[in-house]
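The residues making up each chain are set out below.
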Amino acid sequence: MKLAWRELIRRPNRFLTAGMALTLIVLLLLVLGGILDALIQSSTGLLKAQSAPLIVYSADSKSSIDRSRITQAQHDGIAAVPGVHEATGLGIALLAGHIDGRNEPSDVAVFGYEAPNRFVPAPPSPGQGYADRSLRSEGLALGDTIELGTARTPVRVIGWISGTDYNLQSGLWVDAATWREALNANIPDAAVAPGTFQAVVVTPEEGVTPTDLAAAIDTAVPAVTTFTIDEAIAGLPGVRQQQSVFASIIGTTFVIAGIVVALFFALLTIERIGLLGVLKAIGASSSTLAAGLTLQAVLIAVGALIVGGALSFGLAQVLPDAVPLTLSTSRFASTAFGLLASALIGSAISFRRIIRIDPASAVGGA
Amino acid sequence: MRALDMQDVRKTYGSGDNEVVALDQVTVTVGDDEMIALVGPSGSGKTTLLSIAGGLLSPTDGAVVVGPHHVTEYSRKELTRFRREFIGFVFQGANLVPFLTAKENLLVVADVAGKRGKEIERRAETLLEELGLGHRIKNTPPQLSGGERQRVAIGRALMNEPELVLFDEPTSALDSKLGEQVMELIRDEVKGRGTAAIVVTHDTRMTHYADRIVEIHDGRLVA
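Same order as they appear, the protein sequences are chains F and U.
All residue numbers for the first sequence refer to my numbering, where the first residue is 1 and numbers rise by one.
All residue numbers for the second sequence refer to my numbering, where the first residue is 1 and numbers rise by one.
Just so you know, these hints were derived from the structure itself, not from any lab.
Virtual Cβ for every residue (Gly too), placed ideally from N, Cα, C.
It is possible that some hints are incorrect.
Claimed, not checked - When the alpha-carbon atoms are kept at most 30 Å apart in a straight line, the in silico BS3-like pairs for lysine-lysine are as follows:
no., chain 1, residue 1, chain 2, residue 2
1, U, K115, U, K191
2, U, K103, F, K2
3, F, K2, U, K138
4, U, K115, F, K2
5, U, K77, F, K2
6, F, K2, U, K118
7, U, K138, U, K191
8, U, K177, U, K103
9, U, K77, U, K115
Claimed, not checked - Here are a few chain U residues that face chain F, going by a calculated C-beta distance under 8 Å:
no., residue
10, L56
11, L57
12, R84
13, V108
One chain only, chain F, in its complex shape (with noise of 0.2 Å):
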């Protein structure tokens, strides 16, 4: 193992190519999954940002939050069923969002709301509603009124949340009444009556389980379907389909790097055939001298990841902000484990090649 790390410190250039090679993936994974963070967050924030574990939908709408509809009759059935703490009405409009000053419009997902969340405070006063900050870069200021539709329906900006955008549609909360409002006079088609809401979003009582709870309202209150949060944010449009895509490309890059670090160390084992020969002559084990390549590997993937890391961190900060990229400690945490992985089992080829070294090689060499 010593020897390992020697070699390491002394001969650095010997790894410069494997470690690059790594850097550049360690950094591709990282912005890839930093992408689809970002996508997802984007797509999910509104879900995300329940903290109550159960929302509720319509029957027929096909786990869809936008074809759902509750009346009022269903959500007062809803807050009746024995063991619901909370059940509070949601609904959005997805409407073009004019900023003053600004000549195109914005895409702007307006929340209708009853009860605060994990990330918006108690709805506002009509007329005015808490946005989402990835509007700030689209010029949108505190105080400023933005106007929503055709119809021009005016909200006046009185805070500013994070994390709660909607199929890639920047969050704009307001109370229900400016929603209907909002949504009715812009998308008559989809006009609501009042008291009807998209979804309820339900907190069970203390000590009892949302599963239960689900069953229960769906047996208990006609033509609604119940679903946890993650199986929401599932029927997502899109969703599935997008982790899906970059898992595979994600995948496939894991796999790529556990070739990298294959290639470069069985050409370095094939490389020093006869310095290993010379070691287990002297009586170096199979099992030390594979001990040491792995170490070598594992190292060079850490100083791959430090490096890539940086590199994906110093890139963030330069790239325009209409490109998603949300940089986390877990994706770097899955990136790191997923590179030790492929580091490991790449290294791994090697081992047969080193056992099969015939200490006897060590001599009668020239």
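Mind docking chain U on chain F? Use the hints.
Showing chain U alone in chain F's frame:
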């Protein structure tokens, strides 16, 4: 006591019509502090004999005993341990680890055995000083001359206080003057420690340093 006792050792490669006999009924002994020169033409079996004596190869037939160790009964794993603890090797062209200093090249023997500590480091330094390399402790092989590299290799072979040291053409890469110096050093170190040694050489000018000359032709010892 004998440092090496090889009885009726036979080593063959292949089988049937393709069988090649590398060693044929070789019986040889080396005394406790005896140094023998093993000479013979290329392909005569010198390397095979050396490899079997050092536990690098297993014989097809016969018995090999090094000190109290019945080498022919050892598994591959036991042979690795046996070489690590009881045998010293000096290879052709020194074969040092190029990125390690002279001292670290000696410590490799302790490293592969998982041994460390101040005492081992002191032993490496003392050995290098004895070999006239006290001022070269921190130099790597590319910074050393051919003779110095071979002296480091001798130090490495003596690091584990072996019962038997095997030299494979130790002077082949050196000019005759340097070769003489290295052979003199080998004799002094081996005799000074009372260690047994086998020196394989082509160069008959070097054989007078040995206590005895053993000649091998076509896998058989010449009486």
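Tested hints:
| no. | hint | verdict |
| --- | --- | --- |
| 1 | K115(U) - K191(U) | holds, 26 Å |
| 2 | K103(U) - K2(F) | holds, 14 Å |
| 3 | K2(F) - K138(U) | holds, 17 Å |
| 4 | K115(U) - K2(F) | holds, 11 Å |
| 5 | K77(U) - K2(F) | holds, 21 Å |
| 6 | K2(F) - K118(U) | holds, 16 Å |
| 7 | K138(U) - K191(U) | holds, 28 Å |
| 8 | K177(U) - K103(U) | holds, 25 Å |
| 9 | K77(U) - K115(U) | holds, 18 Å |
| 10 | L56 | holds, 4 Å |
| 11 | L57 | holds, 5 Å |
| 12 | R84 | holds, 2 Å |
| 13 | V108 | holds, 6 Å |
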